[in-house]
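So the protein sequences, as listed, match chains A and B. Residue numbering for the first sequence follows the UniProt record's numbering, beginning at 1 and increasing consecutively. Residue numbering for the second sequence follows the UniProt record's numbering, beginning at 1 and increasing consecutively.
Treat the hints as calculated values from the structure; they're not laboratory data. One should not assume that every hint holds.
Any copy, or any two copies together, can satisfy a pair, since identical chains are not distinguished.
As the list claims (entries may be wrong) - Straight-line C-alpha distance at most 27 angstroms; calculated DSS-like pairs for lysine-lysine:
#1 Lys-181 to Lys-5
#2 Lys-181 to Lys-51
#3 Lys-133 to Lys-39
#4 Lys-197 to Lys-126
#5 Lys-51 to Lys-126
These numbers come from a predicted model, not from an experiment.
2 protein chains.
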Amino acid sequence: MEGVKLLGHWASMFAIRVNIALAEKGVEYEYTQEDLAEKSQLLVGSNPVYKKVPVLIHDGRPVCESLIIVQYIDEAWPDNGPALLPQDPYERAQARFWADFVDKKIYESGSRIWRSIGDAKEEGKKEFIDNLKLIEAALGDKPFFGGDAFGYVDVSFIPFACWFYSYETEGSFSIEEACPKISEWVKRCMERDSVSKSLPDPHKVHESLQLFLKKRFVKE
Amino acid sequence: MEGVKLLGHWASMFAIRVNIALAEKGVEYEYTQEDLAEKSQLLVGSNPVYKKVPVLIHDGRPVCESLIIVQYIDEAWPDNGPALLPQDPYERAQARFWADFVDKKIYESGSRIWRSIGDAKEEGKKEFIDNLKLIEAALGDKPFFGGDAFGYVDVSFIPFACWFYSYETEGSFSIEEACPKISEWVKRCMERDSVSKSLPDPHKVHESLQLFLKKRFVKE
Chain A
1 MEGVKLLGHW ASMFAIRVNI ALAEKGVEYE YTQEDLAEKS QLLVGSNPVY
51 KKVPVLIHDG RPVCESLIIV QYIDEAWPDN GPALLPQDPY ERAQARFWAD
101 FVDKKIYESG SRIWRSIGDA KEEGKKEFID NLKLIEAALG DKPFFGGDAF
151 GYVDVSFIPF ACWFYSYETE GSFSIEEACP KISEWVKRCM ERDSVSKSLP
201 DPHKVHESLQ LFLKKRFVKE
Chain B
1 MEGVKLLGHW ASMFAIRVNI ALAEKGVEYE YTQEDLAEKS QLLVGSNPVY
51 KKVPVLIHDG RPVCESLIIV QYIDEAWPDN GPALLPQDPY ERAQARFWAD
101 FVDKKIYESG SRIWRSIGDA KEEGKKEFID NLKLIEAALG DKPFFGGDAF
151 GYVDVSFIPF ACWFYSYETE GSFSIEEACP KISEWVKRCM ERDSVSKSLP
201 DPHKVHESLQ LFLKKRFVKE
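The following block holds chain A by itself, in its conformation from the complex:
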């Protein structure tokens, strides 16, 4: 039962957060690639409420929901390098706000780009760009969201970078043009091993998205 296990998926922006957080903290772990079409008994049993990746299993005890897992990693290994969350209560609240914004607004509007057609697709695209601009304003001219150090909001948002090509291709727009500071921030994050080793090739992500959309289309 001892040790750290991660049930993840190579293309899931939520699961990739956990790979990055564990790498940042230098925690060794056993990785299991889940087949989302046929989820393992371990996944279903460890996350009975959502039955979703990622699940972190630490000494036999499962932790679910990616942002909760990242905070758990920060708190369970406090001596492994710098903290991901800032120390100041107000800055912590700000960091939590923007990580939550990524889930509530960026993920949601982004998914509408490829799940919808016509007006709904255009609306999703417009909202996605508006949301990117909001988070770009929160980044401002800082190297990372928390300032000079890579931290909680960076871990929460950077996995989306491997989906940027899919958003752009499906929506016909350029993130670099709309949000140049976000593009610069992505490059800065990619200089870190924890990020570059965790993010898959954006073209491979897009291929898997196309396969998913094709299957869905055939079913419907």
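We have chain A already, so just place chain B on it with the hints.
Coordinates of chain B only, in the frame set by chain A:
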């Protein structure tokens, strides 16, 4: 700019969380009742992303999103009585999981009871009861979610108790029958001043819901 202000609404389960957390911590504050049909400039300016209550303004700096505010209160006034979040990282993760579950599953399925008709309404009701049973199992035989002490999950979930009458009336079912341990937990929480003084009369909540549904119906 100094001091603590809360922009809230008497019937919002999210805003009431903040009233309870501030009362638990014995923090004095200035309360503003927002008119949700005509939101104040202060609300819109303090929460430009969501434009929603609650917003806590501490020494001029706004904190948004109720669960983030409750955690902020716990961290900004660490010496004001017992902590709301447990100390152990795993227990903290569990507490965050269930508070998040209240938002993602209980609120969402509950709202479908009165926002839908026919099959969708029945489905919302079934899911709402299933979700209540899941959180009831997490409570188990403990007095409060964290054990013997009133804490983060209790603060996050107890405001829903003043909506229980609305769920029951609109959905024609009894929460006490379906989830007797949740009913006992509500009574236990209501013995605390922080809770009983923050929760409005369930009948008044139901009247305001009926008014809202009537307006919506007339508009459509």
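Against the structure, the hints come out as follows:
1. Lys-181 to Lys-5: Intra 35 angstroms, inter 34 angstroms, cutoff 27 angstroms: neither.
2. Lys-181 to Lys-51: Only across copies: Lys-181 and Lys-51 sit 26 angstroms apart there, 36 angstroms inside one copy, limit 27 angstroms.
3. Lys-133 to Lys-39: Between. Shortest inter-copy distance 24 angstroms satisfies the 27 angstroms Cα cut-off; intra-copy 36 angstroms does not.
4. Lys-197 to Lys-126: neither (31 angstroms within a copy, 44 angstroms between copies)
5. Lys-51 to Lys-126: between (31 angstroms within a copy, 19 angstroms between copies)
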